[in-house]
Amino acid sequence: MEINETPNPEDSSEELAWIKNLQRNSWEPEVIISGISLAFIFAFPAQIYDFAVKLTQDYGLEFIGAYLVLLYLSIIVSVFKIFFSVHLVLRFTWAGLLGLSYAFPNGVINEKLFKNSRDFQYKKPQEMVLKLEKICSMAFAFPMMMGMIFIVFTLYLGLLLFLYRYFDLNFFMIYLFFLASLVGFGLLSAFSKKNKFKSSLNASIFSTVQAVYQSNLGKWSISAYSIFIMGLTAPLIKSDSKGFFNFANYANLDQDLLEWPDNSMYFEDQKDPQKRFPRAMMPSANISGDFTSISIAYYDEDNKNFEKIKEGIHTLPDSLAWPSLENQQDLYKIYLNDSLVSNKITEWKKVSYGATGQRAYLVVLDINGLKPGAHEIRIEKLTLFGALGFSEPEIKHRKNWAKFSFIKVTS
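Residue 74 is where the sequence shown starts when you use this note's numbering, and the numbers rise one by one after that.
Hints listed in this document are in silico derivations from the structure and should not be mistaken for laboratory results. Incorrect hints may have been included.
[As the list claims (entries may be wrong)] DSS-like, lysine-lysine: derived pairs with alpha carbons at most 30 Å apart:
id, residue 1, residue 2
1, Lys381, Lys422
2, Lys204, Lys185
3, Lys377, Lys348
4, Lys315, Lys154
5, Lys377, Lys476
6, Lys127, Lys315
7, Lys154, Lys204
8, Lys381, Lys472
9, Lys422, Lys444
10, Lys417, Lys344
11, Lys422, Lys377
12, Lys315, Lys423
13, Lys469, Lys383
14, Lys348, Lys154
15, Lys311, Lys127
16, Lys476, Lys422
17, Lys381, Lys469
18, Lys127, Lys444
19, Lys204, Lys127
20, Lys348, Lys315
21, Lys423, Lys344
22, Lys344, Lys196
23, Lys196, Lys185
24, Lys311, Lys422
25, Lys267, Lys292
26, Lys292, Lys154
27, Lys348, Lys204
28, Lys344, Lys481
29, Lys381, Lys127
[Said to hold, decoys possible] Computed beta-carbon distance windows for the label pairs:
id, residue 1, residue 2, range
30, Thr281, His470, 56 to 62 Å
31, Gly108, Gln347, 50 to 56 Å
32, Asn416, Glu384, 20 to 26 Å
All residues carry an ideal CB built from backbone N, CA and C; glycine is no exception.
Can you build the whole structure from these sequences, using the hints too?
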């Protein structure tokens, strides 16, 4: 037996009144959500940076892959930084106009202005408040639409990274598959005829919100606004990714760092204890005694590529005189004042640092024969490098993988 329920006009009017009341008071949850979101978002860049470093050091993700992950996550955080910051500024302006409309409900009194200002038509404060109210609500709803896009992309990227790690796949193939799937989805959405999948996709919250913006603001306005916001993120992304190329395991130090070394990269007492070091680290820039330790950062990519490097070591120039490879420690040569000292090291200890969980090789150098003064450490390394799948990976010798100076203060 079917029961046909007739809509109650009173219920409909109550729901409509309830929605209108929510719309009038939406500024309260908007300000609270924006404020709390910004408080969390401004703490994210450091966490994202550390996550990308872990991907390349602990999980063996190729540097370019970790860098792309860093850029992608930085874009997300920067976009929401801008959105919520703009929204709060608009709400502060709205609050000021609201106070103005309460203090001077009649607005401008033309007769009391200077002569040259009397002939103009001025808006009433109430009109400006209402107009800005709509702008604020519109600005707050836009991040919701962007958030839906980012959630889908992030879940998809997370799945691909899981497959990359679990099946030990080639990153270039994952990268190509990701691009091909995006292009395929775009072409399918643009040129396919109406079907059940396309209808359900267009009936989603994201498509509805996007259609609302496009139909009310203009077809291209929403795209132009999104591109403009993306452009504003560039300085923030540059700041968030500063120094990340120091973790490029396959590369030499750049010329600036060779000429002006950053001591916070190399000395534990000058490094943030919550940050990882990219290449090598000593306890301090000022060393006393007959011995000093050096920690060399572990990269899981070396573990994955070791057998290939071992098989292809014969391709290196004879002038390098690189010894045979028995373990990963043999990928390094340590020089003290341009004298090879790594061949005198009898033990390479595997250690991890508690605050960050970073893994490293710890060696002890005998500096008993050094005079007080400045001395230089230089580390050479063998790496396997391929230009993102566009060429066959080759063994590369990095002469200046790490280079820094310390001071012996006593003899």
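Here is what the structure says about each hint:
For the proposed pair Lys381 and Lys422, the alpha carbon gap of about 24 Å is at most 30 Å, so the pair holds. Pair hint Lys204 plus Lys185 holds up; C-alpha atoms about 26 Å apart against a cutoff of 30 Å. For the suggested pair Lys377 and Lys348, the alpha carbons sit about 25 Å apart, so the restraint of at most 30 Å is met. Simply put, Lys315 and Lys154 have alpha-carbon atoms about 18 Å apart, close enough for the 30 Å limit, and the pair holds.
For the suggested pair Lys377 and Lys476, the alpha carbons sit about 25 Å apart, so the restraint of at most 30 Å is met. With a C-alpha separation of about 16 Å, the suggested pairing of Lys127 with Lys315 holds against the 30 Å cut-off. Our distance criterion of 30 Å between C-alpha atoms is met by Lys154 and Lys204, whose separation comes to about 24 Å. Among the hinted pairs, Lys381 with Lys472 is consistent with the structure: their alpha-carbon atoms are about 20 Å apart, no more than 30 Å.
Using a Cα cut-off of 30 Å, the hinted pair Lys422 and Lys444 holds, with the two alpha carbons roughly 27 Å apart. With a C-alpha separation of about 28 Å, the suggested pair Lys417 and Lys344 falls inside the 30 Å cut-off, and the hint holds. Between Lys422 and Lys377 the alpha-carbon distance is near 20 Å, which keeps this suggested pair within the 30 Å criterion. Proposed proximity of Lys315 and Lys423 is supported: the alpha carbons are some 29 Å apart, at most 30 Å.
Between Lys469 and Lys383 the CA atoms are separated by roughly 12 Å; this keeps the pair inside 30 Å, and the hint holds. The straight-line distance between the Cα atoms of Lys348 and Lys154 is roughly 23 Å, inside the 30 Å bound, and the hint therefore holds. At roughly 20 Å between alpha-carbon atoms, Lys311 and Lys127 fall within 30 Å of each other, so this suggested pair holds. Annotation: proposed proximity of Lys476 to Lys422 holds, straight-line Cα distance about 21 Å (limit 30 Å).
Taken as a hint, the Lys381 and Lys469 pair is honoured in the structure, with Cα atoms around 12 Å apart against an allowance of 30 Å. In summary, the hint linking Lys127 to Lys444 is not supported, as the alpha carbons are separated by about 39 Å, beyond the 30 Å threshold. Among the hinted pairs, Lys204 with Lys127 is inconsistent with the structure: their alpha-carbon atoms are about 48 Å apart, more than 30 Å. Between the alpha carbons of Lys348 and Lys315 the distance comes to roughly 13 Å, so the proposed pair stays at or under 30 Å and holds.
Only pairs whose Cα atoms come within 30 Å are accepted, and Lys423 paired with Lys344 is accepted, the gap being roughly 21 Å. For the proposed pair Lys344 and Lys196, the alpha carbon gap of about 57 Å is over 30 Å, so the pair is violated. Restraint check for Lys196 and Lys185: satisfied, since their Cα atoms lie roughly 16 Å apart, inside the 30 Å limit. For the suggested pair Lys311 and Lys422, the alpha carbons sit about 36 Å apart, so the restraint of at most 30 Å is broken.
Distance restraint check for Lys267 and Lys292: the Cα-Cα separation of roughly 21 Å lies within the 30 Å cut-off, and the hinted pair is therefore satisfied. Note on Lys292 and Lys154: the hinted pairing holds, with a Cα-Cα distance of about 25 Å set against a maximum of 30 Å. Taking the CA atoms of Lys348 and Lys204, the gap is near 47 Å; set against the 30 Å cutoff, the hint is violated. Restraint check for Lys344 and Lys481: satisfied, since their Cα atoms lie roughly 20 Å apart, inside the 30 Å limit.
The hinted pair formed by Lys381 and Lys127 meets the criterion: a straight-line CA distance of about 23 Å does not exceed 30 Å. Here the CB-CB span from Thr281 to His470 is close to 57 Å, well matched to the stated 56 to 62 Å. Hint check: Gly108 to Gln347, Cβ distance near 26 Å, so the stated range 50 to 56 Å is violated. Range check, Asn416 to Glu384: Cβ separation about 23 Å, and the 20 to 26 Å hint holds.
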